[in-house]
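Novice: Chain by chain, the residues:
2 protein chains.
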Amino acid sequence: MSGMYRVHVRVRLRPSILDPQGKATRQALRQLGYEALEEVRIGKWIELTLRAPDPAEAERLAEEAARKLLANPVMEDFDILAVETIEAVG
Amino acid sequence: MSGMYRVHVRVRLRPSILDPQGKATRQALRQLGYEALEEVRIGKWIELTLRAPDPAEAERLAEEAARKLLANPVMEDFDILAVETIEAVG
Numbered sequence: 023m024s025g026m027y028r029v030h031v032r033v034r035l036r037p038s039i040l041d042p043q044g045k046a047t048r049q050a051l052r053q054l055g056y057e058a059l060e061e062v063r064i065g066k067w068i069e070l071t072l073r074a075p076d077p078a079e080a081e082r083l084a085e086e087a088a089r090k091l092l093a094n095p096v097m098e099d100f101d102i103l104a105v106e107t108i109e110a111v112g
Numbered sequence: 023m024s025g026m027y028r029v030h031v032r033v034r035l036r037p038s039i040l041d042p043q044g045k046a047t048r049q050a051l052r053q054l055g056y057e058a059l060e061e062v063r064i065g066k067w068i069e070l071t072l073r074a075p076d077p078a079e080a081e082r083l084a085e086e087a088a089r090k091l092l093a094n095p096v097m098e099d100f101d102i103l104a105v106e107t108i109e110a111v112g
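Those protein sequences? They're chains P and R, same order as listed.
If you're matching positions, the first sequence starts at 23 in our numbering and goes up one per residue.
If you're matching positions, the second sequence starts at 23 in our numbering and goes up one per residue.
Derived from the structure by calculation, the hints contain no laboratory data.
Take every hint as true, because none was put in to throw you off.
Below 27 Å or equal to it, Euclidean Cα-Cα: the simulated DSSO-like pairs (lysine-lysine) are:
id	chain 1	residue 1	chain 2	residue 2
1	R	Lys90	P	Lys45
2	R	Lys66	P	Lys90
3	R	Lys45	P	Lys66
Taking CB as the label site, the calculated pair distances span:
id	chain 1	residue 1	chain 2	residue 2	range
4	R	Ser38	P	Glu60	28 to 38 Å
5	P	Leu54	R	Ile108	20 to 30 Å
6	P	Glu60	R	Gln53	37 to 47 Å
7	P	Ile108	R	Leu40	14 to 24 Å
8	R	Asn94	P	Ile102	22 to 32 Å
9	P	Glu86	R	Ala110	33 to 43 Å
10	P	Val111	R	Ile39	20 to 30 Å
11	P	Glu98	R	Ile39	19 to 29 Å
We put the beta carbon where it would ideally sit given N, CA and C, even for glycine.
Next comes chain P alone, as it looks inside the complex (with noise of 0.2 Å):
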């Protein structure tokens, strides 16, 4: 069905990859007191809406889109979390 869609994407730092940020931000956590917490790893959750024939094409975009541009290949993973539709026309 054609219409808007909008397409969920998950990036996130391979497991084999540092993360500075992340790693601050434990730091400041357990300064404030959660010594509990072992590790934080900080991602991308990036939201594309975008018109497409149907949702098997938008996902197929946004796929292709993350590929090309939203994913560092060297240095992250992305997943496709999910497809919404936002308004189907016809």
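For chain P, the structure is supplied; the task is to place chain R on it using the hints.
Specialist: The following block gives chain R in isolation, referenced to the frame of chain P:
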């Protein structure tokens, strides 16, 4: 069950807040030919790994940490999307 848990927290800008990073990304993707793209919003996906007596307590600690430090209450909303058991003891 006492153990190690990983709590997945999503932090997003409130809908009324402008997202300049998302706008720049939309622009870059449109220049790559993705003209169907209407909007890009960029949030954070945070994974907290912590020790807790049970999953409910792990979630409570993560919720408190998100409220105090991970999300900016003026501009952002957060939600806990999952609590994963990494290691359970006893």
